[in-house]
Amino acid sequence: MMVIGGRTNQVGEVVPLEVYDTESSEWYKFNSVQRFRHSCWSSSNNVFVHGGFEHEIPNIPLSEICKIDTQKLFARHDNLLQKIKPPEKSGKDGDKDKKEGIKKNQTNLYNMERQFKLAQQAHIATSANQPNKMNDTQAEDFSLIVRQISIDKLAEEPKKLNPQQKNHTKIDKNPNDALCTMFLKPLLKPKEGQEIKPGTEFPCKREHIIELANECA
Amino acid sequence: MGQKGSQESHMVSAEDKAKQGGKDVVGPDGKLQKIKDPNQAHETLDIAKNVPQARFGHTITMVNKYKVVLFGGATGDTGKYSMTGETFIFNMLLRTWTELNVKGVPPSPRAAHASTNVEQMQMVVYGGATGGGSLASDDLYLLDMRNGEDQAQWMIVPVVGSTPGRRYGHSIIFSKPHLLVFGGNTGQEAVNDVWCLSVEKAPFSWIKLDCGREAPQVRVYHSAALCQTGSATGMMVCFGGRTTDQSSLMDTWGLRRHRDGRWDWVKAPYKNQTEGPIPRY
Chain A
1 MMVIGGRTNQ VGEVVPLEVY DTESSEWYKF NSVQRFRHSC WSSSNNVFVH GGFEHEIPNI
61 PLSEICKIDT QKLFARHDNL LQKIKPPEKS GKDGDKDKKE GIKKNQTNLY NMERQFKLAQ
121 QAHIATSANQ PNKMNDTQAE DFSLIVRQIS IDKLAEEPKK LNPQQKNHTK IDKNPNDALC
181 TMFLKPLLKP KEGQEIKPGT EFPCKREHII ELANECA
Chain B
1001 MGQKGSQESH MVSAEDKAKQ GGKDVVGPDG KLQKIKDPNQ AHETLDIAKN VPQARFGHTI
1061 TMVNKYKVVL FGGATGDTGK YSMTGETFIF NMLLRTWTEL NVKGVPPSPR AAHASTNVEQ
1121 MQMVVYGGAT GGGSLASDDL YLLDMRNGED QAQWMIVPVV GSTPGRRYGH SIIFSKPHLL
1181 VFGGNTGQEA VNDVWCLSVE KAPFSWIKLD CGREAPQVRV YHSAALCQTG SATGMMVCFG
1241 GRTTDQSSLM DTWGLRRHRD GRWDWVKAPY KNQTEGPIPR Y
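Residue numbers (the numbering used here), protein chains in the order written: chain A, 1 to 217; chain B, 1001 to 1281.
Mixed in with the good hints, there may be bad ones.
As a list, the in silico DSSO-like pairs of lysine-lysine whose alpha-carbon atoms are at most 30 Å apart [stated by the list, open to error]:
1) B:1201 - A:185
2) A:67 - B:1065
3) B:1271 - B:1065
4) B:1267 - A:29
5) A:67 - B:1201
6) A:72 - B:1271
7) A:205 - B:1049
8) B:1103 - A:205
9) B:1103 - A:72
Think of the hints as simulated: they come from the structure by calculation, not from any bench.
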């Protein structure tokens, strides 16, 4: 959680940017962008601060946007760096694990993203009332009904356990697929390109190209 | 852990501040230029066109991966502030500001209101002050941009029953499917009540939540956010603010909903009470 700017009971008191580690319950202090009555939001590893006042000129508001790069801010704190995602490298990082920005007046709270790693293996347990029952003593020993399997075989398990039931496991579609398809489709139809008449509008929109470039950056 | 060396902040002098912004040097054109320090964590974005007038007490709400919406706030110099009710969108990829040509009923000009996004390309605004000591209505406003920004439409969400009432300096967050309004000042006093509206239950209605025995003290101008990762996902987290005797607060609280539908507050533990955050609002 990040706290940016704000004011105290002492007029003009400079307050640091403070970061709370939700795991260790510790607070860290950093040099701050001095603002109050401002608004903030965050996007990937950046926190943006807009408007509000500076202490030196507490009567004229600001119109600029200040960007804070958390990678650089936390450069000397490995434990904080570990909690923010590395900058987007490929199109694989989807919307769902993206930190949506949150702002409020005055100070800002911002819950750090953490990196999650998937386990390589999963444990499969068969419940005791399966059709071919084991005897009671066996059923109590869980080691006999638990198997360790590779994580990439996990999708196949429901079929083995209950062949009648359909496999409900769905693989989340990469949200960037739409973007990829948009560019890939025309490329896969090279013949169509030959028929484009002069003066036809360029098939890709400016915004999509920038988006694509951003995903690849 | 707990290294003293981690305290790299101190009071920032004007000199430090100049350093932070990069050195000013005279460029070949005779104009002052800023040299950017590559290790500098913050920089001011260079945006030339359509920059909204300088303001405070506004809200900026993220509506999708690349876009944020600015609403309201006060503009002008000391004593001559005027409230705005404009809606701007900022595209973080193109770094462009655009004032939205909104249809429907926009909220009246206001500041110290609260806003949050509700899924993609939708956001709500609640409460705020309209200047001269009066408060904005208790209507919940929805900005719908799902049909494109050029079709952006403001509307009042129809709500039955009682509402959180007029208030300013409160917070609103969306913890799907619940909109949660917390604290602020009703015009008479600072409060610490929590109101909830489920966006999945029609007709929409506000319910004042019973959040158990322990609760944060009354506060105005605090911050609130939704925890989006880890075991506390979905928890509303609040920090700081100003309480009844005008003193600033430094506590952090989380509001969570249990599976059985009960809500309760938990106070965030601080490992080292003496080195906690500076109280602020």
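Evaluated hints:
no., hint, verdict
1, B:1201 - A:185, "41 Å, violated"
2, A:67 - B:1065, "16 Å, holds"
3, B:1271 - B:1065, "34 Å, violated"
4, B:1267 - A:29, "21 Å, holds"
5, A:67 - B:1201, "39 Å, violated"
6, A:72 - B:1271, "25 Å, holds"
7, A:205 - B:1049, "21 Å, holds"
8, B:1103 - A:205, "26 Å, holds"
9, B:1103 - A:72, "42 Å, violated"
Hint violations for this structure: numbers 1, 3, 5 and 9, all remaining hints satisfied.
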